[in-house]
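So you can see what is in the structure, the chains are spelled out below.
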Amino acid sequence: MKYSIPEKELINPGHLACQGCGGALAMRIVLKTLGENTILTIPACCWSVIDGPFPYSAVKVPLFHTAFETAAITAAGIKAGTKKVEKEYIHSVAWAGDGGTFDIGLQALSGAAERNDDIFYFVYDNEAYMNTGIQRSSATPKGAWTTTTPTTFPKLESKKDLDAIVAAHNVPYQATVSVSYPEDFTKKLEKAVKKRGFKFFHILAPCPPGWKTNPEDTIKLGRMAVESGIFPLYEIENGENYTINMPSPKKELKPVNEYLLKQGRFRHLKEKDIELIQEIINKRWEKLKRLAGV
Amino acid sequence: MSEQKVIMGNHALSYGAVTSRVQVVAAYPITPQTQVVELLSEMCADGTLDAEFIKVESEHSAMAASIGASAAGARAFTATSSQGLALMHEMLHWAVGARLPIVMGNINRSMAPPWTIWSEQTDSLSQRDTGWLQIYASSNQEVYDSVLIAYKVAENKKVSLPVMIVLDAFFLSHTSENVNLIDQKDADRYLKPYNPEFKLDIKNPHTFGGLTTADWYMELRYKIQKAMEDSIDVIKEAHKEFKDLFGREYGLVETYKCEDADTILVAIATAASTAKEVIDELRKEGKKVGLLRIRFFRPFPFDDVKKNLKNSKKVIVLDRNLSPGNGGIVYQEVKSALYNEPVKPKVYGYIAGLGGRDITVDTIKKLFEDAQKSEPAEVKWMEVKI
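From first to last, the protein sequence lines are chains A and B. With numbering that gives the first Met the number 0 as the guide, the letters of the first sequence map in order to residues 0 to 293. With numbering that gives the first Met the number 0 as the guide, the letters of the second sequence map in order to residues 0 to 385.
Isolated chain B, as found in the complex:
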């Protein structure tokens, strides 16, 4: 029997880790992530979760400890945010190069200075080139479900890469929603114990990560790219099996009224939920508009993005992030995905909601209005007070 619980997004991550039977948790507190590790710490202490909890002295060490635990053959979990994720950067590369299926929650928070704790995706999108799979969630149920799906995908021998589950600070992390928790017996049918092909094994001693020259390094990188490409089918399979067992359906992307749309908004995370309201309103006015929410940003879902966007006339990309000197990061990637299509829509890029500023129904309506009457530009800013 599954159980309904009203929980915040942070606790959805913790419960996801428990249902996934993680064996080692190493984490360091940072606002707005703290409740993730507080709850896991309590559950390790009271025996709800049979895991080793390492209360590390930094996020860099949180990732290094997760790497060690995973290399030893244990299922490892951690969570962080913003500055913590940036501090981990070196070890994010290490987890990928070592091909370790660690799962981490990242609560999106803007980068300092100035000090800030509110939502923005620049922290995790800055890590897009490390080789972590990235899931951007838009509800607490999706956060919880994604932890199981993430381990299922990460531990698949065709993938063997770590996965980051990303949720917006406060909009999800601290907002309580109804979440259906999966019964452990059912979860165990979906997610089997981690049984790595390679691990640090005293009975079969090997060295991992030894000095590798140009003779072989490139092949190892090629295999990481191949694993990312292969992960697309593994994700689809994991989603299908999840739906068969638990009824909830996920894709690499989520589409909303895209079929006949001539203008499609592309967004990630919770802004996409707000956008659905706008789509409904504009549809009532007879406008052919739709929404494409990118759930997996890595691997980038080229096929789904192209298939859904290529027949539209205008694509509006909403970025709650910024690559200074270029613009919105999702915009860059969506635009490049469409570039080789023989017939392609115009692609508009908008920056909005940085530093946790609300992206309201009105904000999104303004994007549609602006795109209706203007030509695309590399970067357009919404609601800037300068």
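Chain A on its own, in the form it takes in the complex:
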């Protein structure tokens, strides 16, 4: 069956994202489905800059800039306010980077998830503090170079399993998505739009300056991340019903080394480092398959 994503554009050209920015593409995809009845809340992150300096704005919906750690709760406050003053149903959207989600904004995220506040929460995860110049976050994968994890001492710790943390709140809907699979992304958005309560989307957003990759490889890298299982696409409903979308749980994962070596941030890795990362991916993949019952 032919499936098409909405043609409508609610983001203008001329925004300030870097070439090949996964975060900018993600916003374009999301606004197409959520439409005009959307209010964005954006904490400190690349999008504080991408939208453009005063008096310009790239998006065609209202946008409220808020403090770093408050994306979820500011969006919840906006939702509460609109419920009292607007006749129409409004999608209140928190839109944050991985730093504002995995790290400094985790408390507010957990609060909103636990209360099941009726908001969308999107994290566009570029796996480091990119807006301040590529410092490690708890979303940075093991082995990666950042300016605070130099190649002589790259990140030792594994990426925080935020999706499991969100799932522990038993929220109505959550999904991992990729800008490389806009159809899958849009289908999930369409599903979530019908739900009330807390909806969480974890977007892998390749970042050419931060990952040391070519802008034209963003989509390709997104696909490789999914195919290698380092960023599988799946949904969780009510914290317990897992569905794996991609890659196929019936097939072998593609080896991760090609994905890693295409990126400057991993180029210092030795064969045994890559083997270790592959082991972690395999382990997480088996766990995910168990949770999904496949």
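Mixed in with the good hints, there may be bad ones.
Claimed, not checked - Using C-beta positions, here's what the derived DEER-type ranges look like:
1) A:Val48 x B:Met110: 55 to 61 Å
2) A:Gly238 x B:Ile385: 53 to 59 Å
3) A:Val48 x B:Ile385: 50 to 56 Å
4) B:Ser335 x A:Thr131: 37 to 43 Å
5) A:Val192 x B:Ser335: 56 to 62 Å
6) B:His173 x A:Asn115: 33 to 39 Å
7) B:Lys256 x A:Glu87: 55 to 61 Å
8) B:Thr211 x A:His267: 36 to 42 Å
9) B:Pro323 x A:Lys7: 54 to 60 Å
10) A:Pro254 x B:Trp215: 25 to 31 Å
Said to hold, decoys possible - Below, in silico cross-link-like pairs of lysine-lysine (DSS-like), each with a Cα-Cα straight-line distance of 27 Å or less:
11) A:Lys190 x B:Lys202
12) A:Lys7 x A:Lys186
13) A:Lys194 x B:Lys54
14) B:Lys156 x A:Lys83
15) A:Lys193 x B:Lys202
16) A:Lys86 x B:Lys54
17) A:Lys83 x B:Lys54
18) B:Lys202 x A:Lys31
19) B:Lys156 x A:Lys82
20) A:Lys82 x B:Lys184
21) B:Lys156 x A:Lys86
22) A:Lys249 x A:Lys219
The hints are simulated quantities; they were obtained by calculation from the structure and are not laboratory data. Ideal placement from N, C-alpha and C gives every residue a C-beta, glycine not left out.
The hints should help you fit chain B onto chain A, whose structure is shown.
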């Protein structure tokens, strides 16, 4: 018909929020503020108050939620104290920069460590530079009335700034007093529904708070200062209308026997009520003494302070707060307000009652005695056991 109720200061805040028809309440409990939100929570649950109540996971989030709700065009209310207010600090600036007319109750409590829950004004005075209007109340009736007045002032387009209503822990928060509750119909005549000039509106989408360079940031700060200055007349007008409708009179400051006084005590909050007793006693002894209670600390009421103090010989400032390395915060401001007067009184600054220690009639008498016989110093401590 208005209704008389014997209520604690905390409930005076809650009833004030109800009479003001607040639409969103976001709050986090902290001693000695808890009764404010408990009562509001009950009233939201039983339908007395038609508001969304967000039971947030921190004070930082309480202020962020209030900011979101207010930016969406709803009337938002919260309350906190001490550590909670300090945690909110970043968002207090945000509410001001975003020009959102949020009203918040703050129950004055000393800062830890060591752990303490008793009254002191250092928590709220530490926030004086954030751009919130600050009202220091001295009775539960004043607390209740001030909530309506606060929204009236905050939502005025000339102001568009948040207001903090400050009350002393326990001396007001947990002390029951007779409070005249305003009939809702009358209150609605005084305080109209919030109708913001700008809000997050899907029919007229705009971005709020986007990156602003040195080209325009300074102008935005200038407008905040201008709004503070303009708020003086807006407050006066709000007070006048309040008096016309409900009979109770408020000012930026309250004066007590100041007209012919040669020595005037300056205080904020409940210590000023105790001071009235002392003024009466000393007046009986033939001493020309008076009291100036500063009700609005922000905007600072320069004109009222100068007008009332400049003809006195000695001004005694009583501070239940401390800026370590300087001294009393009210003292600093009163002294600086008088500095450019051609003829000015001597200004004495005293620290007393920190950590909720009682400021008694005797304490205040000692201030007058000390000022009578000594020269001013930058900071003097009353009743310190060291």
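Okay, the hints, checked on the actual structure:
1. A:Val48 x B:Met110: 55 to 61 Å: Violated, since Val48 of chain A and Met110 of chain B (Cβ atoms, about 36 Å apart) do not stay within the stated range.
2. A:Gly238 x B:Ile385: 53 to 59 Å: 57 Å, holds
3. A:Val48 x B:Ile385: 50 to 56 Å: 53 Å, holds
4. B:Ser335 x A:Thr131: 37 to 43 Å: 39 Å, holds
5. A:Val192 x B:Ser335: 56 to 62 Å: Taking Cβ atoms as reference, Val192 of chain A and Ser335 of chain B lie about 57 Å apart, which means the hint holds.
6. B:His173 x A:Asn115: 33 to 39 Å: 34 Å, holds
7. B:Lys256 x A:Glu87: 55 to 61 Å: Between Lys256 of chain B and Glu87 of chain A, where Cβ atoms are some 58 Å apart, the hint holds.
8. B:Thr211 x A:His267: 36 to 42 Å: 40 Å Cβ-Cβ, so the 36 to 42 Å window holds.
9. B:Pro323 x A:Lys7: 54 to 60 Å: 59 Å, holds
10. A:Pro254 x B:Trp215: 25 to 31 Å: Violated: the Cβ-Cβ distance is about 52 Å, outside 25 to 31 Å.
11. A:Lys190 x B:Lys202: At roughly 25 Å apart (the allowed maximum being 27 Å), Lys202 of chain B and Lys190 of chain A satisfy the hint.
12. A:Lys7 x A:Lys186: Holds: Lys7 of chain A and Lys186 of chain A sit about 16 Å apart, inside 27 Å.
13. A:Lys194 x B:Lys54: 22 Å, holds
14. B:Lys156 x A:Lys83: Holds, because 21 Å separates the two Cα atoms, which is no more than 27 Å.
15. A:Lys193 x B:Lys202: 22 Å, holds
16. A:Lys86 x B:Lys54: Roughly 24 Å between the alpha carbons, so the hint for Lys86 of chain A and Lys54 of chain B holds.
17. A:Lys83 x B:Lys54: Holds, at about 17 Å.
18. B:Lys202 x A:Lys31: 17 Å, holds
19. B:Lys156 x A:Lys82: 23 Å, holds
20. A:Lys82 x B:Lys184: With a Cα-Cα distance of about 24 Å, the restraint between Lys82 of chain A and Lys184 of chain B holds, given a limit of 27 Å.
21. B:Lys156 x A:Lys86: 24 Å, holds
22. A:Lys249 x A:Lys219: Holds. Lys249 of chain A to Lys219 of chain A sits at ~22 Å (cutoff 27 Å).
When each numbered hint is compared with the structure, violations occur for hints 1 and 10.
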